[in-house]
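**Student:** Residue numbers (my numbering), protein chains in the order written: chain A, 1 to 406; chain B, 1 to 406.
The hints are simulated quantities; they were obtained by calculation from the structure and are not laboratory data. This structure is a prediction, so every number in the text was calculated from the model and none was measured. There could be a bad hint or two in this list.
[To be verified] Capping the alpha-carbon separation at 20 Å, the derived lysine to any residue pairs in SDA-like fashion look like this:
{"hint": "1", "chain 1": "B", "residue 1": "Lys87", "chain 2": "A", "residue 2": "Lys387"}
{"hint": "2", "chain 1": "B", "residue 1": "Lys87", "chain 2": "A", "residue 2": "Ala32"}
{"hint": "3", "chain 1": "A", "residue 1": "Lys387", "chain 2": "A", "residue 2": "Pro187"}
{"hint": "4", "chain 1": "A", "residue 1": "Lys87", "chain 2": "A", "residue 2": "Ala32"}
{"hint": "5", "chain 1": "A", "residue 1": "Lys87", "chain 2": "B", "residue 2": "Gly109"}
[Claimed, not checked] To spell it out: a stretch of chain B is covered by chain A in this simulated footprint if at least three of its residues, at any positions, have a beta carbon under 8 Å from a beta carbon of chain A; those stretches are:
{"hint": "6", "segment": "113-121"}
{"hint": "7", "segment": "180-193"}
{"hint": "8", "segment": "330-336"}
Quick reminder that beta carbons are idealized off the backbone N, C-alpha and C, glycines included.
There are 2 protein chains.
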Amino acid sequence: MALLVQKFGGTSVGSFERIEAVADHIARCARAGDALVVVLSAMAGETNRLLGLAHQVAADPDPRELDLLVSTGEQISISLMAMALQKRGLKAQALLGDQAGVRTDQRHGRGRIERVETERLDELLSQQIIPIVAGFQGRNPTGDVTTLGRGGSDTTAVALAAALKADECQIYTDVDGVYTTDPRVEPRARKMDTITFEEMLELSSLGAKVLQIRSVEYAGRYNVPLRVLSSFQPGEGTLITYEELSMDAPLVSGIAFSRDEASLTLVGVPDEANVAAQILTPISDAGIEVDMIVHTTTGEGRADFTFTVQRSDFSQAEALLQPVIAQLGIDRLKGDDGLCKVSVVGVGMKNHTGVASRMFQTLGQEGINVQLIATSEIKISVAVEEKYLELAVRSLHSAFNLAATE
Amino acid sequence: MALLVQKFGGTSVGSFERIEAVADHIARCARAGDALVVVLSAMAGETNRLLGLAHQVAADPDPRELDLLVSTGEQISISLMAMALQKRGLKAQALLGDQAGVRTDQRHGRGRIERVETERLDELLSQQIIPIVAGFQGRNPTGDVTTLGRGGSDTTAVALAAALKADECQIYTDVDGVYTTDPRVEPRARKMDTITFEEMLELSSLGAKVLQIRSVEYAGRYNVPLRVLSSFQPGEGTLITYEELSMDAPLVSGIAFSRDEASLTLVGVPDEANVAAQILTPISDAGIEVDMIVHTTTGEGRADFTFTVQRSDFSQAEALLQPVIAQLGIDRLKGDDGLCKVSVVGVGMKNHTGVASRMFQTLGQEGINVQLIATSEIKISVAVEEKYLELAVRSLHSAFNLAATE
Numbered sequence: 001m002a003l004l005v006q007k008f009g010g011t012s013v014g015s016f017e018r019i020e021a022v023a024d025h026i027a028r029c030a031r032a033g034d035a036l037v038v039v040l041s042a043m044a045g046e047t048n049r050l051l052g053l054a055h056q057v058a059a060d061p062d063p064r065e066l067d068l069l070v071s072t073g074e075q076i077s078i079s080l081m082a083m084a085l086q087k088r089g090l091k092a093q094a095l096l097g098d099q100a101g102v103r104t105d106q107r108h109g110r111g112r113i114e115r116v117e118t119e120r121l122d123e124l125l126s127q128q129i130i131p132i133v134a135g136f137q138g139r140n141p142t143g144d145v146t147t148l149g150r151g152g153s154d155t156t157a158v159a160l161a162a163a164l165k166a167d168e169c170q171i172y173t174d175v176d177g178v179y180t181t182d183p184r185v186e187p188r189a190r191k192m193d194t195i196t197f198e199e200m201l202e203l204s205s206l207g208a209k210v211l212q213i214r215s216v217e218y219a220g221r222y223n224v225p226l227r228v229l230s231s232f233q234p235g236e237g238t239l240i241t242y243e244e245l246s247m248d249a250p251l252v253s254g255i256a257f258s259r260d261e262a263s264l265t266l267v268g269v270p271d272e273a274n275v276a277a278q279i280l281t282p283i284s285d286a287g288i289e290v291d292m293i294v295h296t297t298t299g300e301g302r303a304d305f306t307f308t309v310q311r312s313d314f315s316q317a318e319a320l321l322q323p324v325i326a327q328l329g330i331d332r333l334k335g336d337d338g339l340c341k342v343s344v345v346g347v348g349m350k351n352h353t354g355v356a357s358r359m360f361q362t363l364g365q366e367g368i369n370v371q372l373i374a375t376s377e378i379k380i381s382v383a384v385e386e387k388y389l390e391l392a393v394r395s396l397h398s399a400f401n402l403a404a405t406e
Numbered sequence: 001m002a003l004l005v006q007k008f009g010g011t012s013v014g015s016f017e018r019i020e021a022v023a024d025h026i027a028r029c030a031r032a033g034d035a036l037v038v039v040l041s042a043m044a045g046e047t048n049r050l051l052g053l054a055h056q057v058a059a060d061p062d063p064r065e066l067d068l069l070v071s072t073g074e075q076i077s078i079s080l081m082a083m084a085l086q087k088r089g090l091k092a093q094a095l096l097g098d099q100a101g102v103r104t105d106q107r108h109g110r111g112r113i114e115r116v117e118t119e120r121l122d123e124l125l126s127q128q129i130i131p132i133v134a135g136f137q138g139r140n141p142t143g144d145v146t147t148l149g150r151g152g153s154d155t156t157a158v159a160l161a162a163a164l165k166a167d168e169c170q171i172y173t174d175v176d177g178v179y180t181t182d183p184r185v186e187p188r189a190r191k192m193d194t195i196t197f198e199e200m201l202e203l204s205s206l207g208a209k210v211l212q213i214r215s216v217e218y219a220g221r222y223n224v225p226l227r228v229l230s231s232f233q234p235g236e237g238t239l240i241t242y243e244e245l246s247m248d249a250p251l252v253s254g255i256a257f258s259r260d261e262a263s264l265t266l267v268g269v270p271d272e273a274n275v276a277a278q279i280l281t282p283i284s285d286a287g288i289e290v291d292m293i294v295h296t297t298t299g300e301g302r303a304d305f306t307f308t309v310q311r312s313d314f315s316q317a318e319a320l321l322q323p324v325i326a327q328l329g330i331d332r333l334k335g336d337d338g339l340c341k342v343s344v345v346g347v348g349m350k351n352h353t354g355v356a357s358r359m360f361q362t363l364g365q366e367g368i369n370v371q372l373i374a375t376s377e378i379k380i381s382v383a384v385e386e387k388y389l390e391l392a393v394r395s396l397h398s399a400f401n402l403a404a405t406e
């Protein structure tokens with residue numbers, strides 16, 4: 001008998017029909033003999049509805065009160081699910097985050113789970129009662145309800161799986177696994193049966209939005225076997241593993257991408273220590289996320305400094321740089337808000353050279369000009385004009401032999 | 001500086017406009033220097049919406065899960081109110097029942113408050129932070145969310161006032177106080193400035209639905225000064241007092257009534273001990289509330305036994321009596337499902353005779369036939385044909401000089 005933590009997202013419980021379908025699924029698993037802990041998100045749209053209520057009352061609502069408000073979303077879905085399971089003759093009990101022992105730090109809106117006190121979960125499991133746990137929420141040391149930020153239900157599931165030493169944490173979503181790239185861009189994309197944690201981290205941070213990155217990090221830290229499956233169709237999904245790299249591991253596992261990128265280049269920056277901090281501090285203070293950063297010395301004590309941001313932050317970033325440009329005596333600012341980012345990811349490239357050259361060769365053959373390059377141990381990212389996105393993804397997908405075999 | 005517990009019901013917080021109006025009111029009280037604890041119901045209609053969700057999933061949902069579900073209603077209203085107060089520059093904090101220290105017994109759906117642990121409320125009050133407490137809910141010894149049953153927010157307010165030794169518990173509602181009778185039936189009805197607890201108990205149980213009877217009982221037990229006011233219009237409302245009866249107390253304070261009554265009369269019941277229990281046990285086991293009971297010996301070891309129930313329970317009660325009739329050899333069953341009940345209430349009648357005779361004289365003069373009479377120390381109730389309700393109320397209101405003086 002395996003102990004499984006199963007998490008269902010908002011679309012999986014987004015209607016009465018979906019709730020019944022998920023209840024059927026849980027009932028099947030329970031009757032097959034597995035011990036289950038179920039984690040739910042709010043019904044799709046509910047969190048946004050609640051945020052809308054708050055913003056009708058206050059433009060800038062207090063995060064503490066906001067957490068108390070939005071946490072009702074999961075409270076509703078778990079209650080309804082427990083009822084649906086009881087109707088099927090199963091023993092189930094809905095538990096709020098704090099009842100399931102989820103203790104977070106003090107922060108509201110983006111609390112971090114500090115520990116899980118499993119007494120009550122253990123007690124229910126020993127009585128063959130299925131705990132239906134509200135994801136996304138916990139309580140802090142003050143005794144206040146906190147939420148974990150968007151996607152926090154995944155983190156809840158992983159944290160419970162780690163604390164309970166579950167055999168597997170299964171994330172049910174609206175895709176049936178992790179693909180070599182987005183099938184909407186490359187129809188020949190292949191679902192992977194397994195993927196390493198490192199690759200998954202890179203893929204989810206690069207826009208293959210299957211799992212929240214924090215939950216993947218969390219799973220990696222506690223060695224929780226994590227599986228992504230579809231709640232709409234049967235299948236084994238994709239298992240995220242910690243396996244050591246085998247010799248026949250593919251060089252590249254997948255092609256990730258993100259649209260709506262913009263680059264800002266400062267030309268003629270004094271080539272001094274600390275200049276990067278002076279440039280980037282006002283940007284990050286404004287809450288703007290900086291992604292790729294490139295710094296090139298151009299000689300004569302000058303350098304070019306380029307970084308990318310999301311396109312929606314482009315104008316604000318431009319404005320924020322003006323005082324810095326004046327202060328540091330920078331020659332000029334170039335901007336490009338029509339970029340996208342394409343990345344090849346794979347643990348295989350740790351031990352192999354040649355991935356970068358094959359990547360640039362492929363893009364060059366297609367006439368795609370690379371604007372910016374950033375590399376890590378297991379990924380290479382390029383910024384290119386957005387109109388080339390599909391072409392770049394498909395040609396790289398093909399060059400690295402990722403397509404499904406017939 | 002007075003410590004006031006102010007409770008606002010569902011219609012008082014039923015829309016964004018109403019929430020803002022109540023927030024204005026609270027802000028005025030706070031700035032006038034009073035220390036406040038605010039208790040809220042769910043926004044009007046929300047509890048029924050949540051019950052509707054439950055019943056879409058399960059015909060007979062588990063009370064534990066149902067409590068968890070419906071308790072979100074108050075959670076939403078308190079969060080929004082705290083935000084509305086913070087927007088006004090006030091310090092406020094929304095608290096769930098359990099955060100406000102409300103501990104109940106184990107029962108779901110109709111929990112009873114066993115104690116209030118006031119540490120957190122005391123702490124907030126000492127920091128001049130206004131606690132905004134979710135009414136109607138608490139936690140039981142298992143750590144599960146319980147609800148107190150309909151109208152439970154009044155009970156929460158009274159319990160907090162008792163535990164905090166508040167100077168007054170103010171129940172804001174959609175009426176501006178307690179009237180000598182329903183102004184929709186008798187336009188000359190007069191708002192009372194004060195009323196005794198005993199009278200209030202009789203009036204609320206008789207259908208002057210201003211306050212939940214349980215909260216009045218609770219207030220009486222802990223000597224909590226209770227005031228009913230309107231959240232829609234200014235005024236002092238009605239203060240419910242524990243004062244000793246003064247010599248000039250009016251004989252009769254008010255005329256209460258309820259529609260939709262039905263009577264069942266068993267004719268020719270063996271006049272034995274325990275026969276009443278045999279008749280009423282199946283009725284109360286079915287959850288049917290029995291109101292007036294009259295038992296008259298008719299001689300020769302036989303008696304007539306009459307009781308009243310709500311009209312909606314009439315058919316079921318009739319059916320439940322059939323086995324009893326057969327078993328006890330009762331002659332026959334008479335029923336009347338077209339009755340109403342009219343009651344005169346007043347602590348003054350404790351020390352005076354003559355109220356009953358004036359009551360019957362008044363009804364008799366109007367040609368109203370009394371079907372059934374029930375009396376307590378401070379009230380006399382009669383069942384009459386429902387078509388006479390308005391006439392009976394108005395003529396009694398006038399006979400006991402209750403009308404507003406110009």
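**Student:** Can the restraint linking Lys87/A and Ala32/A be considered satisfied, given a maximum Cα separation of 20 Å?
**Tutor:** 18 Å, holds
**Student:** Please count how many residues of the segment 180-193 of chain B have a CB within 8 Å of a CB from chain A and say whether that reaches 3.
**Tutor:** violated (count 0)
**Student:** Could you grab the alpha-carbon distance between Lys87/B and Lys387/A and see if it respects the 20 Å cut-off?
**Tutor:** 46 Å, violated
**Student:** When I compare C-beta atoms, does the segment 330-336 of chain B have three or more residues closer than 8 Å to chain A?
**Tutor:** violated (count 0)
**Student:** Check whether the Cα positions of Lys87/B and Ala32/A lie no farther apart than 20 Å.
**Tutor:** Outside the cut-off at roughly 53 Å; violated.
**Student:** Taking only the CA atoms, is the gap from Lys87/A to Gly109/B under or equal to 20 Å?
**Tutor:** The given pair, whose Cα atoms are some 19 Å apart, holds under the 20 Å limit.
**Student:** Do the alpha carbons of Lys387/A and Pro187/A lie within 20 Å of each other, as the hint requires?
**Tutor:** 18 Å, holds
**Student:** Within the assertion that chain A covers the segment 113-121 of chain B, do at least three residues meet a Cβ-to-Cβ distance smaller than 8 Å?
**Tutor:** violated (count 1)
Figure legend: structure checked against the earlier numbered hints; hints not met, in rising order: 1, 2, 6, 7, 8.
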